[in-house]
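Protein chains: 6
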Amino acid sequence: DFMNALDEVTPAFGVAKEELEQVVQNGIVHFDSIIDDILRSGQLFVDQVRTSTRTPLVSLLLHGPPGSGKTALAATIARASDYPFMKLVSPDDMVGFSEGQKVAAISKVFADSYKSPLSVIVVDSVERLLDFTPIGPRFSNAVLQTLLVLLSRRPPKGRRLLVIATTSLRPILTDLGLSESFDSEVRVPPVSSLHSLEIVLDEVDLIRDPRERQQTMQMLQQAGFGADADAHGINIGIKKLLTMIEMARQEPDAVGERLVTSLMGLGM
Amino acid sequence: DFMNALDEVTPAFGVAKEELEQVVQNGIVHFDSIIDDILRSGQLFVDQVRTSTRTPLVSLLLHGPPGSGKTALAATIARASDYPFMKLVSPDDMVGFSEGQKVAAISKVFADSYKSPLSVIVVDSVERLLDFTPIGPRFSNAVLQTLLVLLSRRPPKGRRLLVIATTSLRPILTDLGLSESFDSEVRVPPVSSLHSLEIVLDEVDLIRDPRERQQTMQMLQQAGFGADADAHGINIGIKKLLTMIEMARQEPDAVGERLVTSLMGLGM
Amino acid sequence: DFMNALDEVTPAFGVAKEELEQVVQNGIVHFDSIIDDILRSGQLFVDQVRTSTRTPLVSLLLHGPPGSGKTALAATIARASDYPFMKLVSPDDMVGFSEGQKVAAISKVFADSYKSPLSVIVVDSVERLLDFTPIGPRFSNAVLQTLLVLLSRRPPKGRRLLVIATTSLRPILTDLGLSESFDSEVRVPPVSSLHSLEIVLDEVDLIRDPRERQQTMQMLQQAGFGADADAHGINIGIKKLLTMIEMARQEPDAVGERLVTSLMGLGM
Amino acid sequence: DFMNALDEVTPAFGVAKEELEQVVQNGIVHFDSIIDDILRSGQLFVDQVRTSTRTPLVSLLLHGPPGSGKTALAATIARASDYPFMKLVSPDDMVGFSEGQKVAAISKVFADSYKSPLSVIVVDSVERLLDFTPIGPRFSNAVLQTLLVLLSRRPPKGRRLLVIATTSLRPILTDLGLSESFDSEVRVPPVSSLHSLEIVLDEVDLIRDPRERQQTMQMLQQAGFGADADAHGINIGIKKLLTMIEMARQEPDAVGERLVTSLMGLGM
Amino acid sequence: DFMNALDEVTPAFGVAKEELEQVVQNGIVHFDSIIDDILRSGQLFVDQVRTSTRTPLVSLLLHGPPGSGKTALAATIARASDYPFMKLVSPDDMVGFSEGQKVAAISKVFADSYKSPLSVIVVDSVERLLDFTPIGPRFSNAVLQTLLVLLSRRPPKGRRLLVIATTSLRPILTDLGLSESFDSEVRVPPVSSLHSLEIVLDEVDLIRDPRERQQTMQMLQQAGFGADADAHGINIGIKKLLTMIEMARQEPDAVGERLVTSLMGLGM
Amino acid sequence: DFMNALDEVTPAFGVAKEELEQVVQNGIVHFDSIIDDILRSGQLFVDQVRTSTRTPLVSLLLHGPPGSGKTALAATIARASDYPFMKLVSPDDMVGFSEGQKVAAISKVFADSYKSPLSVIVVDSVERLLDFTPIGPRFSNAVLQTLLVLLSRRPPKGRRLLVIATTSLRPILTDLGLSESFDSEVRVPPVSSLHSLEIVLDEVDLIRDPRERQQTMQMLQQAGFGADADAHGINIGIKKLLTMIEMARQEPDAVGERLVTSLMGLGM
Ligand SMILES: Nc1ncnc2c1ncn2[C@@H]1O[C@H](COP(=O)(O)OP(=O)(O)OP(=O)(O)O)[C@@H](O)[C@H]1O
Ligand SMILES: Nc1ncnc2c1ncn2[C@@H]1O[C@H](COP(=O)(O)OP(=O)(O)OP(=O)(O)O)[C@@H](O)[C@H]1O
Ligand SMILES: Nc1ncnc2c1ncn2[C@@H]1O[C@H](COP(=O)(O)OP(=O)(O)OP(=O)(O)O)[C@@H](O)[C@H]1O
Ligand SMILES: Nc1ncnc2c1ncn2[C@@H]1O[C@H](COP(=O)(O)OP(=O)(O)OP(=O)(O)O)[C@@H](O)[C@H]1O
Ligand SMILES: Nc1ncnc2c1ncn2[C@@H]1O[C@H](COP(=O)(O)OP(=O)(O)OP(=O)(O)O)[C@@H](O)[C@H]1O
Ligand SMILES: Nc1ncnc2c1ncn2[C@@H]1O[C@H](COP(=O)(O)OP(=O)(O)OP(=O)(O)O)[C@@H](O)[C@H]1O
Ligand SMILES: [Mg+2]
Ligand SMILES: [Mg+2]
Ligand SMILES: [Mg+2]
Ligand SMILES: [Mg+2]
Ligand SMILES: [Mg+2]
Ligand SMILES: [Mg+2]
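Chains as they are written, first to last, in my numbering: chain D, 1 to 268; chain B, 1 to 268; chain F, 1 to 268; chain V, 1 to 268; chain A, 1 to 268; chain Z, 1 to 268.
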C-alpha cells in the first residue's frame, strides 16, 4: 500500500529525500481515519500528474491549525511519489533572506523542476515564505506575486509538476487572492477526540499502568476533552501534543496529572 | 471563416506565434454562442486597425472570472490577425522582475511594435503585471502609469497598433482609472448552463456510457447547476472545469459522482 | 484670423512645431461656438505675454473630461503664438522615467525657455506627470513641488513665458494646492447637444444617405442624446466620439445603428 | 525714513542685494496703512538685533494669503537692514533638490551667517521648502527638523542673526510645531477695501477717464467688493490683483468691465 | 539544590558565563515563593532538553512588568544548566544595528548553537530586538520573521537546544503571532505584598532602627501598598524598587519617608 | 553652596564645560523657590551616582513647556557635578544628520562615557533627537530604540553614569514607551505668578521708574497674569519672557505697555 511504498523509493537526480524525511522525524501516528484519507487523496494527485496529459500542473493546499502535522503529511506524500524531482521549499532555509533572495530561491526550484519530466515541490508554510504579520498586515508582495504566477504558470511542453503547499493561515491566503490558485484543498485536523488521544498515548507508551491510564482518560474527559467545539471542547495539534507528553514525562510521579493540567491550560 | 484562417497565417518578423499557441493548448471549446461572438468582435477590431486611418491605436479589454478563458481567447484573436508584429506580454515571463524591469519590459514591446506598420499586443493578466494585492491595496504605480500612457499614446505616423488586454479584476482597473483607457470591453463568461456543460463533457469524451451520462446530468441539475445566479446557480471557468474533469477521470468507477461532488463544492 | 495664422508661423530656434502638430492629427472640428471662444481667449494670453511688461509669467489651465480635446486645443494655441520658443511637456515622452528624471526633464524645459525672450510651454496631462492614482491616493510629490515652484517663479529679467497646462482631474489639482498657481482657467466641454453631434458627423462624412442620417439623429434623440445633464443626457469627448465613428464604419450596413448602440452604452 | 533708507545701502561681503530686489520688481504700493506698520515693525526687529546683547537670534514670521506680498515685504525689510550679511533662502533656487540637498543648502546659509557679526536671512515660502502637500499630508521631515533646530539655535558668541520667514499656510506651521519657534508673527493682509483698490488702480494708472473710473468703482461696490468678510466680501492678494489688471488692459475697450468680471469670479 | 549548583558549573567552549552573570549583579532576592517556583520550573526544562530525544528544541517565555527581574531569572536558569553552549542574545549588544545586522547576529548565535550537542540561548527583551514602538505600531518584520522561524526550526540531528526568551510586552508578542511559538510561558511578578517588600528591605539592610522600620511599613500600608489590584494596590518591579531604595539612602535623615513618597508616586 | 561650586570645577579629560556654559548665557534667575529645588534635587542624583555602588546608572528627565529653562538647568546640574566626563548631546550639533549618523553620534558619547569612572551626559531635547513631528506622527525609530537601550544598559563594571535628559513633549515620550526608562522625573515650570515676574523684571532692570513699574504690574494683573490656570491665567517660559523684555526695550517711551501687549497676546 501507500505507506509501504515509501521504503522502495530509489534515489534519483534532483531528489531531496533526506530533507523530506527529516520533517517526519516523529513518524505518522494514525490517530484518526482522516489521516489515511489525506494520504490516499495525495496519492490520487500524484497519479493524476503522472498519467493525465491535460493537467501538466496540479496544486494542492494542506491547511490546518498550528502543529497539526501539515508539513509532515505533505512531505510524506511527496516522498511517496517516487518522482525523479522532489524538493522542499521551506522558510527554514531562508532565514535572513531579503525579499529578492526569497523570490530567487523559490523561482529557482520551479525552474529546476521544469527540467524533469515529473516533479513534486512542497511549498512549506506559505505564511512564513510571505513574511506575513497580522499587524498591518505586512507581507512580502514580491513573494506573493511570485507564488501567484508560479502556481498558475504551465510547465514547458512535456513537463509535469505537482505542488503541495501548507499553511496554518488559510483565511489570509484567501484574502491575498492566493487560495484561488489551488486546484484542491485538504484540511488537516488537530487531535480532538478522546479516542484519538488514546491512540497517541499508546503509540508513545506514556502511561503503562492500566489504572493510572484509565484515571488520566477520565480526568481528560471531565476537563472537556472530546466534547465538540460548541461545547468548548479542547483540541491540540499533534506536534504540540507530542511535546506536552515529553514535558509530562519529566515528572515521573505525576505524568497523567501534569498532562491533564497542560491540556486544560489550552482551553483558556 | 475566422477560426480556419488561423491555419493559414504565415510566419513573419516580430511574430511570437508559438507563445500565442501555447496558451491555447487545450483548444477552444465552443460551449456557447457567445464564444463565437467574442471571436467575431475581435476580428472586427483587427479589421478596423488594418483599414481605418483615423484610429491608429485601438484597445480592447477582455474581462471575466478566473479561468474563464480570457488569455486563450485574446491569444486566438491576436494569432488570427496575421499582422507582421504579434506579441504576448505576460507576467509568466516576469517572475522576480523589479518594478523598473517590468516597466522596461512592457515599454520595450510597445517600442518594438512602433517599428511595424501593423501590430497586435496581448497584455495578459493586467492585475498580475500591476503586482496587485487586495490587502492594502498594493500595486505597482510605476507599471500602472506606464500602462495608462502606453494605452493612450498614438503610435508614430504610419504605424497602427491593436492592444488586447485581459483581467479578472475589472472593478479594480476601474478604481485605478485604467478602464477608461480602453476603447471597448468584452466580457468572457464562465460555463453556467447545463447545455454548455454537456457540450464540454462531450468534447472531452468524459462519460461514454449514455445511461451514466444521463444520470450525471440529472445529478448536476439537482445540485443546482444551470439555475440562474439569483437562485444560487453554480458556474465555473472553463479552465477549472477541464481540470476537474481530469481529476474525476482518476477514479474510473465513479467519474460522474466525483465530478458532481467537485462542482457542488464550488457552490459553498 | 487666429486659425489661419497657424499657417504663417515661421520656424525658429527652440521650436517644437512638429510635436505640437502631431497631437492635432484629426484637426479641430468647430462643433460649438465655445471652441472658438477658447481659441480666442488663448490668443489674448499670447498677446498679453508678448506686450505687457508687468506680467512676465502667465499660466493657463485647460480642464475638461477625458478626450474632450484639451491637448489638441492647448497645442493649437501654442503653435499659433509664433513665439521663438514653443515646447510640449508630455508624459508620452517620459514612460519609465523615475521621479527624479521627470523633475529633471520638466525643469530642463523651463530652464531652456528662460533663454528665449518669448516662450510658450504646454504642460500636458498634469495628472499623468504627477503619476497620480486615485487609490491611496498616490502621486509624485517631487513632481508636484517642482510644478508648484515653476508655475510661480518669475523668469529672469527680460524673459517672458506663457504656460498652458491641461488636466482631466481638476478637483485633484485643487486638492493638491496646484489650481491656485494658475492665473486663469478654461473649461473644455464634451460634445453634448444634438446639433454639435450633427456638425461632427457631417465633418467626417459618416452617413451620406439623407434619410438614414435623419433616422440616426432621431434614434439618438430618443436615446437621450442632447437632453441636459439633469435628465441623464449623454455626452462624450470629441476624441472618443471620433473613435466610435470609426468603429461604426466597420459595419457599413448598420453604421447608424452601431453608433447609436455605442453612444447609448455610455449612459450606463 | 525707512523706505528712503533703502537707497543708501552700501554693498558688502555676503550680501545678496540683487536677489532681494528682484522679488520686489513691481514695487510696494502703500494701499493701506498696515503696509507701513509692517515695514516699521520690521525695522524695530532690525534695530533690536543690532543693539541688544541678550537676543542674538530673533525670528519673525510673515504670514498671509497667497500673493499678498509676503516675499516682497520680507525682502524689503531685509534689504533695508544694511547688515553685512543679507541672504534669501528660496524654493526657487532648489527645484529638483533632494531632501538632503535642501537641508544642506539651508544649513549652509545659516553656517555662513554665523561668520558675520550681523546677519539677516529671509526664509521664503516655508511650506515650499518643506515640500508640503495637503493630501497625506506629506512634507519633508528632514527639512522640518532642520528648520526647528536652526530657528532656535543660538549663533556663536558675538554673532547676531535676524530670520524673516514667510508662509501662506500658517495653520500648517502650527500643526507641525514650527510656529512656536518664532519670536513674533505679523499678518500680511490682502486688498479688501474699495479705498485700497482705488489706490492700486491709481498707482498703475489703469483707467484714465474719470467717468469710466467712477463707473468701474460703482460696479465693484455692487459686486460686493469692500463688504466685510461676513457679508461675503471679496478680497485679493496684491500680486494676483496686479496680474488681473494687466489682463484687463488687453481689452482696451472694456478694461473696467473685464476687471469687474475677473474680481467677481473670485467670489465663487 | 538548584541555586547552589551554579557555583559548580565548569567553563566550556561557547560559554558566555560572564555575560550571564553580569545581568544578575544585584543577586536574586527570594521575596516570594514564586521566585523559587520559576527557577525550579526552569530546571525542569533544562533537564527535559538534556534527557528527552523527542524534543530537541524547547522554548520558554518569561514575561512580566518592566524591571520585574526577567533577564536576571532567565540568565540564572541558563547559567545553571551547565550546558557546553550558553549564550545571551541581548539588544544591549546591538545598538545602532540595522535590521539586517540584527537578523545576522541572532541567526549566528542559533547557527553556532547547532554545533554543540546541548545549548541554551537567552533571547532577551524580544520587544527591543524587534525595535518595537507602540506608535504605529512599528517593528522590524525581518527580525520577527527570523524569530518565528528560529523558534520552530528543529536543530540538526543529534543537537538539542533550550531557548529562554524574555519580554515585558507579552500581549504584543501575541498580536504578532509570536507567543504561539513558545512551548511554555512563565509570568514573573512584581513586588506587590507588604511581606515581600519587607524581605527586600531586610536583604538590602535599608532601615536598621526597628521603630523607624515599623513606622515605614505602616506608612506604606496606609499608602495602599499590599492592597490588591482592584483596590488600586501599588506594585513595583524588583529592579526599580532596588533603585528607589538607593535614592532614599541619599537622605539619611528621612530614608523611610522618601521611600514612601517615591512608592506612592507610582500609584498616580 | 551648589551654585558657587560651579566656579571651582577643574578642567579634565572628556569635559565639555564650554558647551555646558554656553547654554546658560543669560544666567539662572531664581524667580521661584522651585528653581532651587530642581538644582538641589539634581545635586542629590549627582551624589548618588558618585557614592552608591548599586546604581551605576541613574537617569533623570527634566520636562516642561517650551523655553522654560530645561536645557539651562540640566547643563547647570551637569557642570556642577565636577565629574571627569561631562558631555552635552544636542540636536544643535546634528543638523542634517541622517538617522544612522544620529544613532552613531549618540552611541559614541555613551561609549566614551564608559571609559570614565564617573560621567554625566545631558541628552538635550529628546523630541528633536527623535526628529519628532506631531503630524503622522513621524519620528526616528532607530534613535528611539537606541535611547531605549542606552537608558537601561548598565555601564561596564566600575563605571558610573548619570543621564539628564530634557523634553518639552513629555506625553509623547510616554506614548513612545520612553518615560518608563527614567529613574526620576522633574517638572520645570514657566513663570506664572506676578511675584515671579517681578523678580525677573528686577533682575534685568527693565523699568527703573518706580511709578511706571507699579503701573505695569497693575496692567499685567488686570490682563490676567498671575491668575491660576482655570481662570485662564497667563504663563510664559523664562526664555521667551527674556526675549519679550528685550523687544519691549526697543521702544523706550512705552516699555511697560509693549510688554503688557506682548504678554496678553499669549493668552489668545
Ligand atoms: N498523523 C500525523 N500527521 C502529521 N504529523 C504527525 C502525525 N503523527 C505524528 N506526527 C509528527 O508530528 C509532527 C508534526 O509536525 P509538523 O511540523 O508536520 O506540523 P505542522 O502542522 O507543519 O506545524 P506548523 O503549523 O508549525 O508548521 C511531526 O514531528 C510528525 O512526525
Ligand atoms: N471557449 C474557450 N475559451 C477559452 N478557453 C478555452 C475554451 N475552451 C477551452 N479552453 C481552454 O481553457 C483554458 C482557458 O485558460 P485561460 O488561461 O485562457 O483562462 P484565463 O481566463 O486566462 O485564466 P486566468 O483567470 O487564470 O488568467 C485553455 O487551456 C484553453 O485551451
Ligand atoms: N474641437 C476640437 N477640440 C479638440 N480636439 C478636436 C476637436 N475636433 C477634433 N478634435 C480632435 O480630437 C482629438 C482630441 O484629442 P485630445 O488628445 O486633444 O483630447 P484630450 O482631452 O487631451 O484627451 P485626454 O483626456 O485623453 O488627454 C484630437 O485628435 C483632435 O485632432
Ligand atoms: N504693498 C505691497 N506689498 C507687497 N508687495 C507689493 C505691494 N505692492 C505691490 N507689491 C508687488 O506685489 C507683488 C507681491 O508678490 P509676492 O511674491 O511678494 O507675494 P507673496 O505673498 O510672497 O506671494 P506667494 O503667496 O505666492 O508667495 C510683488 O511683485 C510686489 O512688487
Ligand atoms: N527575585 C529576583 N528576581 C530577579 N531579579 C532580582 C531578584 N532579586 C533581585 N534582583 C535583581 O533585580 C534586577 C532585575 O533586573 P532585570 O534586568 O533582570 O529586570 P527585567 O525584568 O529584565 O527588566 P526590564 O523589564 O528592564 O528588561 C537585577 O539587578 C537582579 O540582580
Ligand atoms: N531660572 C532659570 N532657569 C532656566 N533658565 C533660566 C533661568 N533664568 C534665566 N534663564 C535663562 O533662560 C534661558 C532658558 O533657555 P533654555 O534653552 O534653557 O530653555 P528650554 O526650556 O531648554 O527651551 P526649549 O524648550 O526651547 O528647549 C537661558 O538663556 C537661561 O540662561
Ligand atoms: Mg509546518
Ligand atoms: Mg489568463
Ligand atoms: Mg490630453
Ligand atoms: Mg512669496
Ligand atoms: Mg530585561
Ligand atoms: Mg532646551
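One should not assume that every hint holds.
Below, computed lysine to aspartate or glutamate pairings styled on EDC-like, alpha-carbon distance capped at 20 Å [to be verified]:
(1) Z:K157 to A:E180
(2) Z:K17 to Z:E99
(3) Z:K157 to A:D92
(4) D:K239 to A:E18
(5) Z:K157 to A:E18
(6) A:K108 to D:D93
In short, the hints are calculated from the structure, not lab data.
Enumerated hints in conflict with the structure, sorted upward: Violated hints: 1, 2, 4; rest satisfied.
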